[in-house]
Amino acid sequence: MAEATDPPRETFRLSQLLYDARYRSMTIQVVAAILIMLLLVELVDNTVTNLAALGKDIRFGFLWSTAGYDINQQLIPFSSQDTHARAALVGILNTLVVAVLGCILATVIGVLAGVLRLSKNWLIAKIMTFYVEAMRNTPLLIWILIVFAVMTEATPQPREFREGGSASMILWDSVAISNRGVYIPRPIWAEGSGFVVAVFILSIIGIFVVRHIARKRQQDTGQILPVFRISLALFFLPTLLAYFLMGRPVTLEMPELGGFNFTGGLQIRNSFIALWLALSLYTSAFIAEIVRSGILAISKGQTEAAFALGIQPNRTMQLIILPQALRVIIPPLISQYLNLTKNSSLAIAVGYMDVRSTLGGITINQTGRELEGMLLLGIFYLITSLIISAAMNFYNSSVKLKER
Amino acid sequence: MNKKVFLGALTIAGLAAGASAAATIDDVKARGSLKCGSNEGLAGFAAPDANGVWQGFDVSLCRAIAAAVLGDAQAVEFVPLTSQTRFTALAAGEVDVLVRNSTWTFSRDTDLKLDFKGVNYYDGQGFMVRNDLGVSSAKELDGATVCIQTGTTTELNLADFFRVNNISYEPVPVATNAEGQQQYLAGACDVYTTDISGLAATRATFENAGEHIILPEVVSKEPLGPAVRHGDSEWGDIVGWTLNALIAAEEYGVTSANVMELAAGPTDNPEINRLLGTEGELGAMIGLDKDWAVRAIAAVGNYGEVFERNIGEATPIGLARGLNAQWTEGGLLYAPPFR
Chain A
8 MAEATDPPRE TFRLSQLLYD ARYRSMTIQV VAAILIMLLL VELVDNTVTN LAALGKDIRF
68 GFLWSTAGYD INQQLIPFSS QDTHARAALV GILNTLVVAV LGCILATVIG VLAGVLRLSK
128 NWLIAKIMTF YVEAMRNTPL LIWILIVFAV MTEATPQPRE FREGGSASMI LWDSVAISNR
188 GVYIPRPIWA EGSGFVVAVF ILSIIGIFVV RHIARKRQQD TGQILPVFRI SLALFFLPTL
248 LAYFLMGRPV TLEMPELGGF NFTGGLQIRN SFIALWLALS LYTSAFIAEI VRSGILAISK
308 GQTEAAFALG IQPNRTMQLI ILPQALRVII PPLISQYLNL TKNSSLAIAV GYMDVRSTLG
368 GITINQTGRE LEGMLLLGIF YLITSLIISA AMNFYNSSVK LKER
Chain F
72 MNKKVFLGAL TIAGLAAGAS AAATIDDVKA RGSLKCGSNE GLAGFAAPDA NGVWQGFDVS
132 LCRAIAAAVL GDAQAVEFVP LTSQTRFTAL AAGEVDVLVR NSTWTFSRDT DLKLDFKGVN
192 YYDGQGFMVR NDLGVSSAKE LDGATVCIQT GTTTELNLAD FFRVNNISYE PVPVATNAEG
252 QQQYLAGACD VYTTDISGLA ATRATFENAG EHIILPEVVS KEPLGPAVRH GDSEWGDIVG
312 WTLNALIAAE EYGVTSANVM ELAAGPTDNP EINRLLGTEG ELGAMIGLDK DWAVRAIAAV
372 GNYGEVFERN IGEATPIGLA RGLNAQWTEG GLLYAPPFR
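From first to last, the protein sequence lines stand for chains A and F.
If you count the first sequence from 1, you need to add 7 to reach the working numbering.
If you count the second sequence from 1, you need to add 71 to reach the working numbering.
Chain F on its own, in the form it takes in the complex (with noise of 0.2 Å):
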């Protein structure tokens, strides 16, 4: 009988992941927080301040989510994956959505069943070393030994640019970016390599970080952008939408502090009008109210502030914008428009 009654039970939980897949946001709001897959630990982009609570730019977007969808930006739950781990427990469903400095490829949009929903960072892979190695270019590696993180693209591009200048080096594969950096710095290897931003925010924790440079050479697109599990439009638009109505409010200058005085009435914007929810009715179409967006700048800011505030020019990581302007300023940003 208790057999049985398990067998059962098994059944339902069995039905349940099945049903369960395809109505992220109905999750969501039943647990009343968001799972949000993030670095274990990368300054500026995903990491515990000293109060405990998780600050950084891919953290900023997930609790944009989570202002837009639950109206409460802290009501989120961050989970620390691997570069391992990551879309493994996005698939299973342990976390509703990944942004951890992930790269958008082809193969992981569709063979490993993920959706990337837009690019948050324009990043790309760079190398650095100690300044007393008296290096000033990639191509003099030859022979070097390079820290590497296992499972991700920046391990494939080594293998790639290595080959193609028919240089020989030597990988030391780390588990992690704090592993990576206590070999680094421990010189059990000459040289780390992984996206130029992720060398910017571990040289930036360096005790002397103006001993180390990050050598010219950018040897791959890493567009990063936040990934869904496939097969989810309506939680992957919310997703897309969000990251976009951040973009668009840096191009039409609401800021977080200006925002709520924007949203009271209708201005002469129709963009911005459309964006804030008081014309048109974009909230219902993507299954939220109309001060979706609202709610989501109210709480991170744009785009640009969110940029400055962890990993801009004034912050220790000190990060230029490059790519991640606006594209009205020469950048990449382009958000579609709201309409």
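Excised from the complex, chain A in its bound form (with noise of 0.2 Å):
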């Protein structure tokens, strides 16, 4: 009958927080949670104090002063007489537009160079990498550069498509390729164009109900349905057959040439399309090996089951490779996605007005707001960044292993 003892009362002194193992790295963090609070004080308060030496304070007023200056691609109507704040609102939308379209692009790209380097066809192979190679290890600021430069230095200048010039027009003198952008058709949307578009616009989540139907078929009885056929069918029919119903309320403005310029038609700059299309090709290197490894990261096996079950090569690519792969290749396309929009503050060495032009460019440059306007463009390159990441976070779960 032993009886119970308290263990011995531990006292507690200072110096276990630097000899005590159970204490030493708590001490550790707390002192440099401590160090590295008082460094951004220090940086905050440096800031401000050289501000205020300088005579100047931390104020946004100035985006609702006149902002003076003119734009030339305008998603939203712009004049000179607006204010800062629309200007960096044109400019957002502009940086958004070269990015999702640049997203969308490279991602086609890249999804094509990535496969086709796996290809048992030797030139087409080599040829790929050759590609990835030279778009990976160059820096992007000189492909948006090279293509600018092949854009205004190689294509003829509008004056050149006057009558006795030595450019025409293409595609049955509907669309002019200038060094001042391409000229294309633009639609003039007349009465019952809402409807052909309503139409368009359904019968595209149709396409998606036939195929999540024809999947579901598929997985549950084995039953293979010509989806390619009806898609197709479906994107275009029903639309013509609204087009010509409501007596064809989408007709097409041509580009025209009228004093200086293209008139009418709707002019794609060159500043936008060097910027796309590098941007585009650059990150569709990367893509392209993302594709690629994610690829190889599928066991052999896989591929060698399905063949002796009897299923076709494609059929295994789009059914077993595909789908497993994809859980490898989404991490790190975000990023790439993310690169992309980040990258495309380098318009500006084109001339083309992002929100890097107009309100980290011009509206600082003419207020001598520089620490506000680049506060302001940091957390929009943020708040994209972060949604783009969301999104695509989304996404990747939906297609990562499930566990049943």
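If you are wondering where the hints come from, they were derived from the structure by calculation, not from laboratory data.
Hints may be right or wrong, so weigh each one.
Chain A is faced by these chain F residues, among others (derived, beta-carbon under 10 Å) [stated by the list, open to error]:
hint, residue
1, V150
2, L204
3, T223
4, D261
5, R300
Quick reminder that beta carbons are idealized off the backbone N, C-alpha and C, glycines included.
Could you fit the two chains together into a complex? Lean on the hints.
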């Protein structure tokens, strides 16, 4: 019958913070955290003090004053009498347009290049290797400038398109490629065109529904539906039908030479084309490598097993390899999309009026509010990147391995 | 411990930065050279020559300041700045003085916390087009594509001019004069607009300068002058009065050739005597010795000499004096009295 005695009560001594292994790491972390905080406080305080010494304060009122400058590419109406805030918004939209179109084109080219690099055809595989290595190992800025130089130096001036000039429009006189941009027909939306657009959107949704049904049928019964032919028909037929039913409400306005430039039609500026193509080509090289690594990550046994079951090669890719590869591909793909969006800030090199050129360039320069402008710019890119990340993570969770 | 040392160093650096903002003259003397913010290359105004030595109208003012303060016109470090970076660079202390075709405006002088210390070139904005475009007035430019340097006053004037005249245009923003020149020559824009002096300087470098005309309209006032940071009046006085000394020297007939002779002893003209330090103590009043203006004039010559050598009618740029003549000859140059 042993008597239960309390263990000797530990007294806490200050020296334990340093010599006792249980507390030491905590101590170090607390000290490090305090030092980092002090450093941050010092940096902010230093900035504020020095700005005050220069007689500058931090104010955002400049956003509501008149901008006074013009912007060439505007997705929303903008005149020089609008505010700096609206100029920033015009720039933001221009950034988003080039980023979204860039991500789409980069993905298309990247997937193609990645798959083709694995091709058994020696020539194609080597060409793709060359493409990927050439794009990956040279700075993006150089590609932007190269595309821009080609677009401005190698294409004819608008006046060459006049009578007796050396250049002519292509595609039945509907598209003009000049050194000020590419002019394409602009659709004119007359009454009733809303119906046509609605039908088109509905048929796109329809295609997704058909694909979903087909997949379910295939998974449940093994029966394979002709998805591609149905999708193709759905894409064209209902819209065309609606178009003629409503009496052809959508017409095209052709670009025509008038005065100094082409008038009418839609102008796609060289600065936009240069930035868009260069961003897409550059990022597509990285995406190609990601796709290739994703496909190679799937063990060869999977393919062999599929073949043993008598599944055709393209269906093997579609149903067995790609769904598994996507799990490997998506996470690094997110960072490529983020990179592309942030790299679009190189737009200033070719005079594309993105948010870096409007808010972060001209506005800062005309108002002298560098710190405020750069802060806003940083916040914009941060928010955009976080939204892209969130959206892609959502998609990632839908394709990742589901444990049943 | 290391972090503490780092923090301490940061604090001292911060204090030093704060202190240096107050006395540019001490910095310049301690460094032994003047940091002058200049153009990235504008023929006649600021550009390196074949030997890599900076030459030009604006460059000469920097050299005159260096000669006055340091006694050596070559002790200048030229920092090429774009129109977008120039004011930030000056405000941050990267350069001591900005002499870069910068227009003196209200908001730059006040809100940007700069001090413009005078005008070394009275300019105005103009338009350059090809002869074969058949345009004789800027008002015929409806629908034209215009190359324009971003971050300049010309950008705002351009928007105003086209809006007031109710004609449309398409701006093509470029970052530097070189880029604008390349775009204009490639025909990516119909019109290139900037200060008329800049247009003349740019056109002078073209292979076929005769194929381009500068339209008669002058759409703005562009007084270009040297700028310093707000709040350092001693330094501002030195910059401003060096410019005035060059202008006054021309008015009184003091040239780089005769300045030494005139400075040897008092002359009959008390203005010249005070300017050249043979009478009075003007140099000491701005913290320099009595020969400061003599050195500046000896180094680069008077205003007229600087003008004729770099951008005058005998040079490829071929600018007439126009508004930049002395007030005695119908121009706007008018140095306050040296007294």
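Hint check results:
no.	hint	in the structure
1	V150	18 Å, violated
2	L204	8 Å, holds
3	T223	8 Å, holds
4	D261	5 Å, holds
5	R300	8 Å, holds
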